[in-house]
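*Asks:* Here are the chains, one letter per residue:
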Amino acid sequence: EAQVTQNPRYLITVTGKKLTVTCSQNMNHEYMSWYRQDPGLGLRQIYYSMNVEVTDKGDVPEGYKVSRKEKRNFPLILESPSPNQTSLYFCASSPWTDGSSPLHFGNGTRLTVT
Amino acid sequence: ILNVEQSPQSLHVQEGDSTNFTCSFPSSNFYALHWYRWETAKSPEALFVMTLNGDEKKKGRISATLNTKEGYSYLYIKGSQPEDSATYLCAFEKDNQGGKLIFGQGTELSVKP
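Going line by line, the protein sequences match chains E and V.
Each residue of the first sequence is one higher than the one before, counting from 2 in our numbering.
Each residue of the second sequence is one higher than the one before, counting from 836 in our numbering.
Where hints are given, some of them may not hold.
[Claimed, not checked] Under the rule of at most 30 angstroms between Cα atoms (straight-line distance), these lysine-lysine pairs were calculated in the DSSO-like manner:
{"hint": "1", "chain 1": "E", "residue 1": "Lys72", "chain 2": "V", "residue 2": "Lys935"}
{"hint": "2", "chain 1": "V", "residue 1": "Lys877", "chain 2": "E", "residue 2": "Lys70"}
{"hint": "3", "chain 1": "E", "residue 1": "Lys19", "chain 2": "E", "residue 2": "Lys58"}
{"hint": "4", "chain 1": "E", "residue 1": "Lys66", "chain 2": "V", "residue 2": "Lys935"}
{"hint": "5", "chain 1": "V", "residue 1": "Lys929", "chain 2": "E", "residue 2": "Lys58"}
{"hint": "6", "chain 1": "V", "residue 1": "Lys929", "chain 2": "E", "residue 2": "Lys72"}
{"hint": "7", "chain 1": "V", "residue 1": "Lys894", "chain 2": "V", "residue 2": "Lys877"}
{"hint": "8", "chain 1": "E", "residue 1": "Lys18", "chain 2": "V", "residue 2": "Lys877"}
{"hint": "9", "chain 1": "V", "residue 1": "Lys913", "chain 2": "V", "residue 2": "Lys894"}
{"hint": "10", "chain 1": "E", "residue 1": "Lys58", "chain 2": "E", "residue 2": "Lys70"}
{"hint": "11", "chain 1": "V", "residue 1": "Lys877", "chain 2": "E", "residue 2": "Lys19"}
{"hint": "12", "chain 1": "V", "residue 1": "Lys913", "chain 2": "V", "residue 2": "Lys892"}
{"hint": "13", "chain 1": "E", "residue 1": "Lys58", "chain 2": "V", "residue 2": "Lys904"}
[To be verified] Okay, the calculated bits of chain E under chain V, using three or more residues with CB under 8 angstroms as the criterion:
{"hint": "14", "region": "34 to 44"}
{"hint": "15", "region": "51 to 63"}
{"hint": "16", "region": "103 to 109"}
[As the list claims (entries may be wrong)] Anything over 10 angstroms on all C-beta distances counts as not near chain V; from chain E, calculated:
{"hint": "17", "residue": "Leu12"}
{"hint": "18", "residue": "Gly17"}
{"hint": "19", "residue": "Lys18"}
{"hint": "20", "residue": "Leu20"}
{"hint": "21", "residue": "Ser25"}
{"hint": "22", "residue": "Asn27"}
Calculated from the structure, these hints are not laboratory results.
All values derive from a computational prediction rather than experimental measurement.
Even for Gly, the Cβ is constructed at its ideal location relative to N, Cα and C.
Can you make the complete structure from the sequences, with help from the hints?
*Replies:* Laid out in structure tokens, this is it:
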């Protein structure tokens, strides 16, 4: 089954404790992206990647890192999480054959930083 | 920062009503406009990706139109059903920022039986 898999689905952590949210897709998509969803603010793009070893900042990259060593994986790293990073996070992928392909979203990760 | 506005923020209709909502986006350097449907506790699912001025797309009872010159898109739902209850998101792609999608805040639709 074609899918984008995020883990974990729920995570509660403390300020400053490094964490990684994994994202994997099995559709051989070139494009992958991370978003955060906060009430009243819509989905905001954190980082995106057009291909292996190519990553770019979205609108809210501060406090996050990503890597794209393989096509299928695009982990989101929070080196020193803070309470303002409490949010619902979505990973998405797309074939991006002509720049107008729809996104396929993962099931989301709800992160709480205390 | 580019602004993508959706209205209304929320909408409550009765089963069988037809409804529509708006997505407004910058009219310059347009590349594509996406519509997604997001049910509670699930992930957003793509409805349409529209690229040409005057585009009209249809999927069952849901359809969308696009006006790139004036910077808006309408999403229509004919004969709303309770299962149409969801948040509807639009997202704008600018042509010289490949990979960057700007989402609106969404329209939350509630359909009462």
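*Asks:* Now look at each hint and say whether the structure bears it out.
*Replies:* Verification of the supplied hints:
For the given pair, Lys72 of chain E sits about 19 angstroms from Lys935 of chain V by alpha-carbon distance, which is consistent with the 30 angstroms threshold. The hinted pair formed by Lys877 of chain V and Lys70 of chain E meets the criterion: a straight-line CA distance of about 28 angstroms does not exceed 30 angstroms. Simply put, Lys19 of chain E and Lys58 of chain E have alpha-carbon atoms about 20 angstroms apart, close enough for the 30 angstroms limit, and the pair holds. Restraint check: the Cα-Cα separation between Lys66 of chain E and Lys935 of chain V comes to about 17 angstroms, which is no more than 30 angstroms; the hinted pair holds.
Under the criterion of a C-alpha separation no larger than 30 angstroms, the hint pairing Lys929 of chain V with Lys58 of chain E is consistent with the structure, at around 15 angstroms. With a C-alpha separation of about 24 angstroms, the suggested pairing of Lys929 of chain V with Lys72 of chain E holds against the 30 angstroms cut-off. Of the supplied pair hints, the one linking Lys894 of chain V and Lys877 of chain V holds, its CA atoms being roughly 20 angstroms apart against a limit of 30 angstroms. Between the alpha carbons of Lys18 of chain E and Lys877 of chain V the distance comes to roughly 28 angstroms, so the proposed pair stays at or under 30 angstroms and holds.
Under the criterion of a C-alpha separation no larger than 30 angstroms, the hint pairing Lys913 of chain V with Lys894 of chain V is consistent with the structure, at around 11 angstroms. Taking the CA atoms of Lys58 of chain E and Lys70 of chain E, the gap is near 17 angstroms; set against the 30 angstroms cutoff, the hint holds. Pair hint Lys877 of chain V plus Lys19 of chain E holds up; C-alpha atoms about 27 angstroms apart against a cutoff of 30 angstroms. Taking the CA atoms of Lys913 of chain V and Lys892 of chain V, the gap is about 14 angstroms. The hint holds against a cut of 30 angstroms.
This hinted pair checks out: Lys58 of chain E and Lys904 of chain V have alpha carbons roughly 29 angstroms apart, not beyond 30 angstroms. Note: the region 34 to 44 of chain E has 6 residues with beta-carbon separation from chain V under 8 angstroms; the three-residue rule is met and the coverage holds. Check on the region 51 to 63 of chain E: 4 of its residues sit with their Cβ under 8 angstroms from a Cβ of chain V, so the three-residue criterion for coverage holds. A count of 7 residues in the region 103 to 109 of chain E with a Cβ less than 8 angstroms from any Cβ of chain V is obtained; the coverage claim is therefore met, three being the minimum.
Non-interface status of Leu12 of chain E relative to chain V is upheld: no Cβ of that chain comes within 10 angstroms, the nearest being about 17 angstroms off. Against chain V, the non-interface label of Gly17 of chain E holds: every CB pair exceeds 10 angstroms, the least being about 29 angstroms. No Cβ of chain V comes within 10 angstroms of the Cβ of Lys18 of chain E; the nearest lies about 26 angstroms off, and the non-interface call holds. Non-interface call for Leu20 of chain E relative to chain V: holds, since the shortest CB-CB distance, roughly 21 angstroms, exceeds 10 angstroms.
For Ser25 of chain E, the condition that its CB be more than 10 angstroms from all CB atoms of chain V holds, with the nearest at approximately 15 angstroms. Distance to chain V confirms Asn27 of chain E as a non-interface residue, since its nearest Cβ pair spans about 15 angstroms, more than 10 angstroms.
No hint from the list above goes unmet by this structure.
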